[in-house]
Structure formats: structure tokens, C-alpha cells
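Each chain, written out:
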Amino acid sequence: MLKFAIRRTLYMFPILFGIALVTFLLFNVAGGDPAAQAAGKYATAEKIQEMRESLGIAGPLHEQFFGHLKQMATFDFGRSWSTKQTIRSMIFSGIGASVSLMVPVYVISLILAISLALLVAFLRGTFFDGATLVVSLALMSISSLVYILAGQYFVGYELGLFPINGWDSSLIARWQYLVLPTLIFVVLSLGSNVLFYRTVFLDQMYQDYVRTARSKGLADRVILFKHVLRNAMIPIITVVVTQLPFMILGSLLLESFFGIPGLGRMIVDAIQSSDFPVIKAMTTITAILVLVFQLVADLLYAVVDPRVQVR
Amino acid sequence: MFKTTKSIVQLVILTATCLVISACTNSCSQKTSSTDTTLHFPLASTIKGMDPIQSNSTYSSRVVSQIFTPLFEYHYLKRPYELVPQAAESMPEASADGLVHTIKIRKGMKFHNNDCFENGEGREVKASDFIYSWKRLADPDNRANGFWIFDGKIKGLNEWRDAKSKGEADYDTVIEGMKVLDDYTLQITLTKPYYQLYYTLAMEFTAVVPKEAVDKYGEEFLNNPVGSGPYVFTEWVRGSKITLDKNPTFFGQKYPSEGAEGDKEAGLLDDAGQDIPFNDKIIFYEVVESQPLWLNFMKGNYDVAGIPKDNFDAVVVEGELSDDMKGKGIQMSTYLQPDVTYIAFNMKDPILGKNDKLRKAIAMAYDSATSIDKFYNGRGVKAHSPIAPGIDAYDPEFKNPYVEFDQSKAKQMLKDAGFPDGKGAPVLEYATTSSSTARQMAEYFKQNMEAVGLKIQIASVSWPQLQAKIKDAKAQMWGIAWLADYPDAENFLQLLYGPNQAPGPNGANFNNKKFNKLYEQASALPPGEERTAVYQKMRDIFVEEMPWVPNVHRKGYSLRHGWIKNYKPHAIKANSLKYFKVDTGKRSELKAKL
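These protein sequence lines map, in sequence, to chains A and B. Letter by letter, the first sequence follows residues 0 to 310 in numbering that gives the first Met the number 0. Letter by letter, the second sequence follows residues 0 to 593 in numbering that gives the first Met the number 0.
It is possible that some hints are incorrect.
As the list claims (entries may be wrong) - List of simulated lysine-lysine pairs, BS3-like, C-alpha gap at most 25 Å:
id	chain 1	residue 1	chain 2	residue 2
1	A	K83	B	K215
2	B	K210	A	K83
3	B	K516	B	K536
4	B	K398	B	K422
5	B	K398	A	K83
6	B	K564	B	K325
7	B	K308	B	K215
8	B	K327	B	K572
9	B	K564	B	K592
10	B	K572	B	K253
11	B	K163	A	K83
12	B	K567	B	K308
Hints were generated in silico from the structure; no laboratory data involved.
Let the sequences and hints guide you as you build the complete structure.
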């Protein structure tokens, strides 16, 4: 297992190099000239060149690339062009906001979706199953923007149950601003999650081992929780772990609409202001997070399913 | 074990119930006590920072102007716009040749209390602080957005900038054109007459900053602003809200005692002569999306708002505020913005640049009146020239014959241009940003052109890409807008001055010798009838050449709750919030109706 983990970690390095190369090509070679943008509306040719030098993008490409590699290795992406803060400090302050929104969102929607999916899988073919299917499909078909707009209007404005949007730096006062976006995210992700987990569970429920367990006289509850749930862990882990990076990176749409100063919002702002160092840092970090969580998923497969061999 | 689990579950349920109950009682609307005079002001965007030398957006200027003080400001009530002293004691004295300007600053004006000063107490602002602040603006290391206002205009400043970039000068190096005569007097010497100088000294770019704060906070001064304005920076939850508190050491400015016609009747002089600012606190909310901004305004959580495009028809009925809104005590102000939206032609383009008749045919084929209804809810007036309303050379009666929509005349003009019914004309590229409204506008332009036989291809690109295309002179034509930095036609006409060609602000690359000469002539003239006449001659050359199709001067609509007193819109001045007064009694009464 340890050998596998080390080998899998080492495999990540060439991939990381590839990521570095692709992000470098995207931002430093193929992208437009950020200096012209940064120079403002009264830019002159000299001013743009001056800007290019001060932004560190005037040197030869290989030097710029080594600089980029160094930044990745030291996790020091320099300062944002627009906010002048160190990108590291921006990330640390944004993570708190994103995580305080996304952790409850993921935990609640996961528990709800798996419980509902287990229930409808258990009651397959009944009216309840059919109704859940229809409702889930309907929930999936509606654009996420509709949930946000309707949620803010009815829950926030008409009923006045929670603030329409906003944020507070105090952890205690913050929760009231998180309820509405959490509710919305849970509802909007419920449909697809229930359908997915239902399919996973049903797939398991038609397996031979379930039939054998039934014929041995095991109670449905035991079959469901002890056997089906455990065997369904592989696809569940795959989905949950691949979603984990976004738990840290936040939700672009929700953070924008609800004024939550998380990483999602930070990425949107960086894109809007062509803040290349921030965009580059976040692209790199996203790629690294995906890689790391894939490794975690691979390791977890082996933990939950003894049939998976790690060599 | 079971008991423990049960207790935890009970605890969780209890906590959740408490939280929901407290949410229902607390969060329906902003908590405001009957004596709380906090002004809740939404910004329809996030801001990058609060350093005056970088404050080039409407939103950042709004915040910066509450914290910092430039030498001058616009009179809050008088129209047309008039400059008055702010940090200066009086208006400057100018030499006969218009080159030397002597300015006295207020005595006793202090910087905000801050840890950057000894004992945390703000010291007195001196004339040398202004010179320091302007050197910061010119310092190439700062990459200031606002340097264009001084570029090439102050004796020795550009030379200092060059020397600074080579490490041959520093902040102690004396600049010939920026002298401190004594602690409260400074003198500016220009390279040539520049009558827009006083306007630039009212812009946030030139506001005074303390060296101590810049030294202490370094690059993050923009996140820790220290100024001498009516409000002190307290907290910024980046991307969410900015809190400013009333400056206890503000230099005792008074609410104006004179105004424009009708201001007295409107109650705008009720507080004449009183100390400002009136409110104890301002909270700016950075709200990017229009729905939460609008709903919060309607709930009374924000004191002012614009009208989102989608809500316009419900709010404004036949040009008036709807009865429903009036019933809630909401008030509306309208004003013409000193701006112009236009379709620019690249005059270096071998097809469009060489054929004025083709440009005129395009202008005549474009139905701008309908575009104002379609894309601006009718919020604007048709533009006939580059000069915007509220500016001296703007003439509301002036008619540009080539922007009168007439398809038959456009077809005739197209024929005269050598392309009868568009035959023989190549496909022209119209560049636009990729936002949905910009794309719709481009489609509308395309339909208008196709109606006279011209084929248009739309290039939908990001804003930075569009800027790059314009700066590289690679765009053929594109839609864009310009909002005045100060109320002088020069600010619009410089967009057409030959030496300002791309990558400068003259993206159309218009280069007309007569126009350039008149521009230079106008630069040497003080404001007055003679200069206005020159500006109008330049406008006439513009009409003959049509390097742009002027489209619309937009009309601003702003809403406020009835508890905000002393509200008068000002299209250029950003520091108006110090005059606003929250009527707490009225707020309690009106909030109950929302």
C-alpha cells in the first residue's frame, strides 16, 4: 500500500510538469497582452512596454517558464496585479469563506441524496419511487440560476426568513448568510445526486450476492446497509472525491450572487480584471487538487473494497 | 453509548431550532436602531483597492473620495459644474501666461488617526504632502492608472519619472514644476498652458496621502488607506463590504449655502451652513449581481440604487416613478450623463478609412433611436457629436445630418461610395465584447446594415481582446463608450487628436491636420466663448469626416428611500455622500411600509 502511494505520488510529477507547461503556454504565450489591459485607457506604446517590464513578462520565454515552475514549487505565486495582496494570503482568506459554504452543502446533500436513493432503491417500482424519479428529473432540468433568483426572491425578500445576500467576518454572525445559499445548493444538486445513487444502488441490488443473501433469509435492512451500501462505495467515493476540490474552490455562481468572499468569487474577479497571476495560480492549484484527490480516491478504493489490488 | 448519541442529536436539533428562530427574527431586514445614521450604499461591482492613484473606476472613486481629499472638488449643488476649494484654501492664482499656478492649502487639516503615525495620531497635512502624493502618481514603480493627467504637462515631471526608472532620482529630488513655497503654499509650473489642470486637481488621483502610511503598508496601502477626508477606513471584507467611520478630526467643511435654481424649493438648502458629514458611518456593499442589489434596496437594506434593466418598466411609467414606488416613499432623480456611446471606424483600415461616404452611409443606415428604446429602455438621448451633455460646447439643438436614420439616403450614399446596394463591398467586421447585451447590439447593427445591402461579420471577443485589437489597430469597427473624466469637451476631443492614435486613446486613428491644429489651439485657450467656438469647429470637422457613428448620451436614473435627505445627482463628483443625511425618524416610518 505504501509502495503504491509513493509510486502514485511520483507519477504526479510528470503530470504536474505538464500542467505547468500547459498553464504557461495558455497564459504567457497564447493569451493576449495583459500589459495593454493593465496600462489603462490612456496607454501609450512606451507605457505598455514599461508595464510589461514591471509585470515581469518582458523577459525571454524560458526565463518566464522557470519563474513559473519556481512559483509552483514554493507555492509562492507572487502578488495579484489588481489587489496587490500576496496570492497566498488571498487564497488563505478565501478558503475560509468557500469551505464554510461548501462543507455543509456537500455533507447535507450527500447524506440526503444517499438516504433518499437507498429508500427509493428499496421501494423500487412503487409510486414513491416513480414520484421521486419525476421530481428528481424536474429538479435537474431547472437552471441553477432559477433556484438562486427564486430563492432570493421568495425566501429572502418575500418571506424575509434569511438575508438576501451578504457576509460577516465573524464566524458566529456569518451562519445566517449561509443558510439560503446552502439550501439552494442542496436542492439544486439533489435531483442529479439521487438519480445517480439510485442507479448505483439498483445496480448492486440485482447482483447475485443480494439474491443469495435474500435466499439465506437476511432482512432487507441488513442487505441494504451491510452489503449493498458497502459494495456501492466505489462509485460513491469516485463522485465524492472528485467533487472535493470544488468544496475548497467554492462555487462561482453562488458566491457571486450571495456576496460570499470565497475562492470562487476570487476567480471570477480575477478573470474579469485579467489578473493573470491569480488566474494562473488558481488554474494550477485546481489541477493539483484534482490530482491529489484522485490519488486519495485510488487509495480509498483499496480500503473499502478488498477486491481492489494495489500493486 | 446510545444515550450519548441521543443527547448529541437532541443538542443538534435544539441548536438548529434556535438558529432558525433567531434568523426569522433578525435577518428579515438590516438591523437599524432609531439613532443609527449609517448610510448603506451598494456598489454594483467589486473594487480593486482604495489607493487614490489607481482609482480609475466609478466604484473605487466612490469609496476613495470619502477617505481622501484632493485640492478641489465640484460644488455639490450648482449647475453647470463649478470647481470649489476642498483641501485648498482658495482657488489658485495663475500667472498671465497660464503657466504658473500658486495654490494655498488649508491650515489645520489633519490625516486620519492611524498606527502609521507616532502615538497613532494623524499629523497636519502640509504642502509637501501634495508634492509627495503627485510624485507617487508619476512614479513608474507604482504603475498608476492616473498618470495620464500629468503626462508631459508639468515641467520636469516626465524627466523625474525617467530618472526614477533608471534609479537616478528619488522622492527627495526636486522637480522644477512642483515647488513647495512654504508649509501651506505650493506652486505648479506647466510645460504649456493646460486649462484642464484644475479639473485634474479635483480628481481622486491627485488626493493627498501621508508618506508614513505608504511606508508602513507598502504595496498593500490600497487595502489600508489613510487620508484626510470626511470618513476613516475601518474594515474591508474583500468582495463583500467596506465600512467607513466618520472622521472625528475632519477639517470642518460646511454644507453649501447656495445652489442651483429650484434647489431651495426642493429642500436642498435646509441644512445650509451645517457641519458635514452628517452620518456616522458608511457601509459600501460590493454587489455584482443586479437582483440581490435590487431586492435589498426594496427591502430598505440599501439606501440608494439604480434601476435594473429588467425592472425598469415596472418602476418607471411614462417617464414617472410608479405610484407603487411613490407609495413606499421612494424618490427618483434623472440626469443626462456626460458620456457618449459610439461605433468607431478604424481610419487606418484600407476600406473604411479611405471612404468617408461609406462611413456616412453606415451612419445613416443605423437606427440609433430604436436602439435607445431597445437596449437602454429609452434611457438616453440621441448623440450627434462626440461632445456630451453638461459640457460647455454641447449644443442640444445641433443636428448631424449623417446620423438621421434614412435607409433611402443611406442607399444613395452607398451608391456614391462606389457600392450600389452593397455590391462590391467586402464583408466588414464589427468587433464587440461577448456579453449578451453587446452581442444583441451587434446583431441589431448587422440587421440595420443588411437592410441596405452591407454584409457584416460579428467578432465577439473578451474585453481585453477587444482592447488589444483596438490598440494594435487591427479592429475594423467596434462599439464602445466614453464617460467624461471632467466637464470639458477636450476630454472627448482628445479621443480624435492625431498624436493620440493607437495604442493611445484615439483608437479610431483619426488624424486630420485641421482638427489637430484646432485641438492645439484650444489647449492654449482658457475656458470661455472663444474656446467653445474652436471646439464647435472641431465638431464640424468630425461631422464631415465621421470617424465614428455617435449613438447615445445615456440618461442616469437613480432611486433613493425617502429617509435620505439632501440627495442631488452629480454625474462627475464622487464625494457627494458627505452631504447625504439619514433621517432616522422617517426611516422607521417608511421601513414599515416596505
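Okay, the hints, checked on the actual structure:
| no. | hint | result |
| --- | --- | --- |
| 1 | K83(A) with K215(B) | holds (15 Å) |
| 2 | K210(B) with K83(A) | holds (18 Å) |
| 3 | K516(B) with K536(B) | holds (11 Å) |
| 4 | K398(B) with K422(B) | violated (30 Å) |
| 5 | K398(B) with K83(A) | violated (47 Å) |
| 6 | K564(B) with K325(B) | holds (16 Å) |
| 7 | K308(B) with K215(B) | violated (44 Å) |
| 8 | K327(B) with K572(B) | violated (28 Å) |
| 9 | K564(B) with K592(B) | holds (18 Å) |
| 10 | K572(B) with K253(B) | holds (17 Å) |
| 11 | K163(B) with K83(A) | holds (21 Å) |
| 12 | K567(B) with K308(B) | holds (22 Å) |
The structure is inconsistent with the numbered hints 4, 5, 7 and 8, although it conforms to all the rest.
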